[in-house]
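Residue numbers (the working numbering), protein chains in the order written: chain A, 294 to 1040; chain B, 3 to 696.
Honestly, I wouldn't trust all of these hints.
Once the Cα atoms are required to be at most 27 Å apart in a straight line, the calculated DSS-like pairs of lysine-lysine come out as [unchecked claim]:
| # | chain 1 | residue 1 | chain 2 | residue 2 |
| --- | --- | --- | --- | --- |
| 1 | B | Lys638 | B | Lys682 |
| 2 | A | Lys321 | B | Lys682 |
| 3 | B | Lys70 | A | Lys321 |
| 4 | A | Lys509 | A | Lys843 |
| 5 | A | Lys885 | A | Lys872 |
| 6 | A | Lys872 | A | Lys843 |
| 7 | A | Lys509 | A | Lys778 |
| 8 | A | Lys885 | A | Lys817 |
| 9 | A | Lys843 | A | Lys778 |
| 10 | A | Lys885 | B | Lys472 |
| 11 | A | Lys610 | B | Lys472 |
| 12 | A | Lys817 | A | Lys509 |
| 13 | A | Lys985 | A | Lys872 |
| 14 | B | Lys472 | A | Lys872 |
| 15 | A | Lys985 | A | Lys843 |
What the hints contain is simulated information worked out from the structure, not anything from laboratory work.
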Amino acid sequence: MTEAPAGETTARRSLNDNGDSTKTERSKLPLLAGYRLDAAAAPPRIGWREMLRLALRTWPFMRPMLRHLITLLVLGFWGVLAGWITGLWGMDLITNKVLVGEKLQPLQASVLFLGSEYVTTDPQRLGAGDAGKDANAGEEADASVDAGGSASSAPELTPQQRRTVRNRLLVWTVIGSVLATLAGFSIYYYSVWIWQCVNQNLRVAMVERAESLSLKHHDEARVGDAIFRVYQDSAMIVNLIQEGIVAPLVAAYGLLIALALVAAFDPWFAVFVLAVMVPIASLAVVSTRRIRLRARDNRQAGSSLTSRTQEVFTALKVIKANRAETRVFRRFDEDSHAALHAAYFLRLDMALVTLAVGTLGGLLLIGGEYLMVAWIIEERETFLGAAVAAFIGFVIWNYGAFEVARNRVSGLAEGARSLIGTWMRMQDLFIALRRAFHLLDLAPEVVDPADPTPVPTPIASVAWRGVRFAYGSETAGEGQGDVLKGVDLEAEAGAVTAIVGATGAGKSTLMALLLRLFDPDSGKVMINGEDLRAFALDDIRSNVAIALQKNVLFADSVAANIAFGAARASRAEIEAAAKIADADEFIREMPKGYDTELGERGAKLSSGQRQRLSIARAVVRNSPILVLDEPTAALDARTERRVLLNLAEWGRAAPPAQRSGEASGKAAKAASGERPAGRVIFLITHRLSTIKNADRIAFIEDGRIQEHGTHGDLMALPDGRYRAFVEAEAVAAEQPSARTATGQPRQ
Amino acid sequence: MTANGPAKEDVPGRSGARRRRSFAKSSWWQGLLGKGTFDDRVDVRPDITTREAVTLLGRSLKLITEAKGLFLCKFLLQLGMVVPGLYLPWMLRIVVDNAIRQEPFDTTEVRLPPFMEPVQFLAEGQTPMGIMLTITVMFVVMLLLFGSRMGGLRMDLLQGQDAATQAENQLSAGGSAGGGIWGLTELMVNVRLTQTLANRLRTRLFRRLSRMPMTALDDQRIGDSVYRVLYDAPMMPNLVYDLTFTSFFMLVSAVANLYVLQYSYGQVAPELVLMAWLSVPVAFACTFPFSGPLRRTSQNKRAAGAATTNTMEESMSQIAAVQSLGAGERERDRFAARSSQAFQRERYSLAVVLISAAVAFGALGGAGIYVTVLVTNRIIDGSMSVGDFATLLGIFAQIATPAGYFGAFWIKLQDVIAAVRRVFFFLDFPSEEDRVGGTRVATIRQGVTLEHVHFAYPSDPRGSDSLGKKALRDVNVHFGMGELIAIVGPTGSGKTTLAYLIPNLLTPTSGRVLIDGRDARELEIGSLRRHVTYVFQEHLLLSESIRENLLLANPEATQEQLAAALATAGCDDFVEALPHGLDTELGRSGDTLSVGQQQRLSIARGLVRDSSVLILDEPTAALDPQTENALVAALKAVAEKRLVIVIAHRLSTIKNADAIVFLEDGVVREFGSHDELMAKPSGAYREFVALQTA
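Required output: the full structure, derived from the provided sequences and hints.
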């Protein structure tokens, strides 16, 4: 264990290292400090209508499990009933029959496989007699002994018989316990399974929605928040029926019965009870706002902590290199404390309310006892006691009445306490559900048209017409933060179009619009002259393959990473794509070839290798439009040359087949070699050597395509922007000091 | 790993073959319970031995020393709660006997115990109503103080059906057997105690994880780390409480009940007590075989939960890739498969818990039946009254409760042990934190020398002996201060590995890295990295303000330094254009900026540090030529006082360097200035340049 050395470490480090401060852990979690709640904070508004709405929103996720939920309910009901009945039976048998020695009811005897000698003949105990005939019944029993003289008429069981009854009862008890345990545990397991399925339905729906939300949303949201919502918030759905419906109903039922009984003893008593219930109810109303605030804070703090943790672990490399561990640790510690405080104060407030209600209930009970004792001493009549005098001797207040009434009042107080506890937990539940459904209710900005037309085939051209686009809503002002300010561009099949421009000019954005990751603010993006918005998203994206600027790889095998966007690609197709991307060779050198597992974010490969996998991933999709976003930035010149040659050959020689969602690689293969059109290829790059080989060059600046043509065309423009750009590159390579400029003429 | 398929751990694949061989001896039922290592690359242990489990208990207990005050408070408060519990039944008795039935004191058969004397003194000699008033006042006081007659206080929230969602309640667990001011205080102390213990553990884990060695970093999944910190660590206090408070008070109550039993039912007591306590070893013996499987299934459920977190974390943070590659559906299915597998693992673990509980219950039930036979025999014989049956069974239940607790004690710990092991695994994992001391680096004057440096990545993330691919072979170079060095070579030739060695992000397998002539291994790692700045290929920005991102590198940087660094890296114009300038909050992993802009910011962050050695790993890949020229010129200027090492492909950058290291297959093929290398007629570098300019 490392505590002791770790402590020393910190101490020692503080001596020689001012960056890592000693107080890396804030040791104190105060009991009271920080309790105050921001008075101005607006509590989340969750009225009855909102609760109902949220509860109803859960229906689609419960519905698939409806049959099981009903089965569970029925099983639960019968289980409780069976337990109750056998419990009563067992109690009767053990106390009245075994311990006292009374004879058995006929049914009891047959269940225990006992003969008629065990069975009572007492008509009263068989249900024939009534309350007033006790004495007669005794006489009759005596008479029957005289008459028949058989053992069965003996009033009592013999000790030997009692033992037999007991032994058989115990055998049944064992069998019953085993069965009950089996059944009970199975039902519990069953219920866990059902609720897990319900939760799973909700989780998956949430993830699906999160994945379809536009990048604009994701730019502002934190990953940890999504994790928290999908995990923690969604899980509350499993409690809705039990805590939201069953528990309150049971508690309310108990309260009403108790109140009625107390009123039967004395209406004034009931008034007294109600008088105490008023402050309890108002306490619930008043505290709700506070509890909601606390519950929301708790969930938000948890979400922030999750985000913080995730973000730090994502950026560990940079943190390590900058020796910023202490700095990020302090952040984590702050967030961790904030989360602990939120959890603590939520519980503290809940405890205070519970305590207040419990104390009021306790005062009710103690006051009630005092009152009842006073009534007993003055021998006061009970309210309905006389009416039921035939059954129970509660005409006047006495010890028995005291016990009964006290139990009721005690139950009342407990009921109130549990009801308020449920109420408070429900606030947390609804806050959680609201957070969960918030994610589900977010409307994706980019949506499929109601009646999508299939993407035309073959694709002859891709065009942008007057496209304007701005990221984020924050950049206020019309056209202020526009990245694209009216782009017009057309690219044809069979040609490679290079998009050239300064960093941040909007090159990647242009491609994102082609994938419909966003929709343009105005203008349109078109395929064969048809607006992209007429096509289904899946259809568009299955027709466009992109090698991303950020070489995102997933922690999966190499083959799976290449086939990431083309799940049905065969191993042969994967390998062919890898060859085109010049990745085949290094993949084969890896320990398990195409089955080698990549580490987190594909970090075990050099960036050039990752880039080639990224290209292979685009190639394997075999789609009519190919976008290479900075495809070769991390490649050395030799590799780059090879990859680009391969790509050019592939792009022109093997015309793509139309792929509309379901159509797989097989269709592509079948169609290959038949169509002459070729692919639409876009290339975003800074490298002159790459650019020069493109068929067309589009130079983008200030949100517009400033120049468009072949390298020769653009270089011919005397004051051309592109020309200036090319010269800057050339200057960079040539200009430096005389010692390098001499020998190597650029060519 | 296959794309989707619910039982991933059952698909061995070639990747799992090595790992699996070590499980060859595990039996069929272990296979049934899951061989699973799910997503883990670093922590691949499927089983915990009993000895390890015991060690983990000890280590958890040691953590109490970190919250001694709270621990003692909680103990005393819980102990104090016993007192009102003693008085209450006797006071209720006074209400019945002396107020309701109006009997004078000391006429009943049973005398009040000595501790009731003050109460009797107050009440004696009064009218029944007077007695009732006295008692009522005392009840009210006890209610306010101890919450007597209103039940315990425990404020758990609702939770879900998996370990992750149950962590919140574990993290802030606490309560009191009573209420009132005393109970409230106990609850507060208890919750804070739990939080303190859990927080200590999780912050410590966080620190260890954030200082993992580079070689393990690539293998450790982010979602798994999150899961361990947030959902595994909070289980630990539970373990501590079971071992201390719960055991202690169970024992106390067992002894108290034994006393009562011996006092009033001496005749049957020995047998009752024997039966109750006999159930302890029986229950233990019956449940012990389940402890292994329970640990295993518990580990598996947590590993499966972590795998779910991984999937989700991955697809959320790479959403742009997922969407542009049209893989949304695939990612959803992957998540659904993982999540449903995690739920399934939860149920497997639950099944083991239920079965072992049934077995323990059976052991106790057997004792209960024996006692029933014993007592009923006496009643049928007439040596005991009918009323004794309920009383005796009641007392037996009270003895049996602690007996049952101790019988099932070990098995109940197992679930928590599994979680705690997942935490301790990384606390024990070699970390850079372990390397303390060493010489502090004040400045770097002479430069960096690599002597016969070899480097091989461990093929196994646990850093075991087997070494994987050789990344560097016998590298000997010296970089002096004031130089601009370019490291050049084909993709995968070991450029980054070489650069990682300098700030000791990696340690050579053999050979030495010398900083001013001193072995880097003997230097204090923090001070070394303060003087060596590394700008990575992947530009990782935190989702905080731009200012915070820059200050990450150098918390003491002034506004002027920030502005200068931004200007050098060509960030000034776009940062100024942002709505809040330097204080603009970046989106998730910096996605609101274009990739080129992110890269420039990363470079600016490196410049802010103002350190003696600056290493830039492909800084210009995403830069346009103008920006690149400006940057290289700036680096040139900066290099006059420092050592600047650039890994580059672009000729324009390389040509500016004072010396060029040309790497191929982990070997330094050529080393010298551009001119020197170009002068070699058939040099590798010359060929490289020719290609570049062709």
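Cross-check of the supplied hints:
A threshold of 27 Å between alpha carbons decides the hint, and for Lys638 of chain B with Lys682 of chain B the separation of about 25 Å falls inside it, so the pair holds. The straight-line distance between the Cα atoms of Lys321 of chain A and Lys682 of chain B is roughly 67 Å, outside the 27 Å bound, and the hint therefore fails. Taking the CA atoms of Lys70 of chain B and Lys321 of chain A, the gap is about 12 Å. The hint holds against a cut of 27 Å. Among the hinted pairs, Lys509 of chain A with Lys843 of chain A is consistent with the structure: their alpha-carbon atoms are about 18 Å apart, no more than 27 Å.
Restraint check for Lys885 of chain A and Lys872 of chain A: satisfied, since their Cα atoms lie roughly 17 Å apart, inside the 27 Å limit. The straight-line distance between the Cα atoms of Lys872 of chain A and Lys843 of chain A is roughly 21 Å, inside the 27 Å bound, and the hint therefore holds. This hinted pair checks out: Lys509 of chain A and Lys778 of chain A have alpha carbons roughly 18 Å apart, not beyond 27 Å. With a C-alpha separation of about 47 Å, the suggested pairing of Lys885 of chain A with Lys817 of chain A is violated against the 27 Å cut-off.
As the CA atoms of Lys843 of chain A and Lys778 of chain A are separated by approximately 25 Å, the hinted pair is consistent with the 27 Å bound. Distance restraint check for Lys885 of chain A and Lys472 of chain B: the Cα-Cα separation of roughly 16 Å lies within the 27 Å cut-off, and the hinted pair is therefore satisfied. Only pairs whose Cα atoms come within 27 Å are accepted, and Lys610 of chain A paired with Lys472 of chain B is accepted, the gap being roughly 22 Å. Proposed proximity of Lys817 of chain A and Lys509 of chain A is supported: the alpha carbons are some 19 Å apart, at most 27 Å.
Distance restraint check for Lys985 of chain A and Lys872 of chain A: the Cα-Cα separation of roughly 24 Å lies within the 27 Å cut-off, and the hinted pair is therefore satisfied. Between Lys472 of chain B and Lys872 of chain A the CA atoms are separated by roughly 24 Å; this keeps the pair inside 27 Å, and the hint holds. Among the hinted pairs, Lys985 of chain A with Lys843 of chain A is consistent with the structure: their alpha-carbon atoms are about 24 Å apart, no more than 27 Å.
Going down the numbered hints, you'll see the structure goes against 2, 8, while the others check out.
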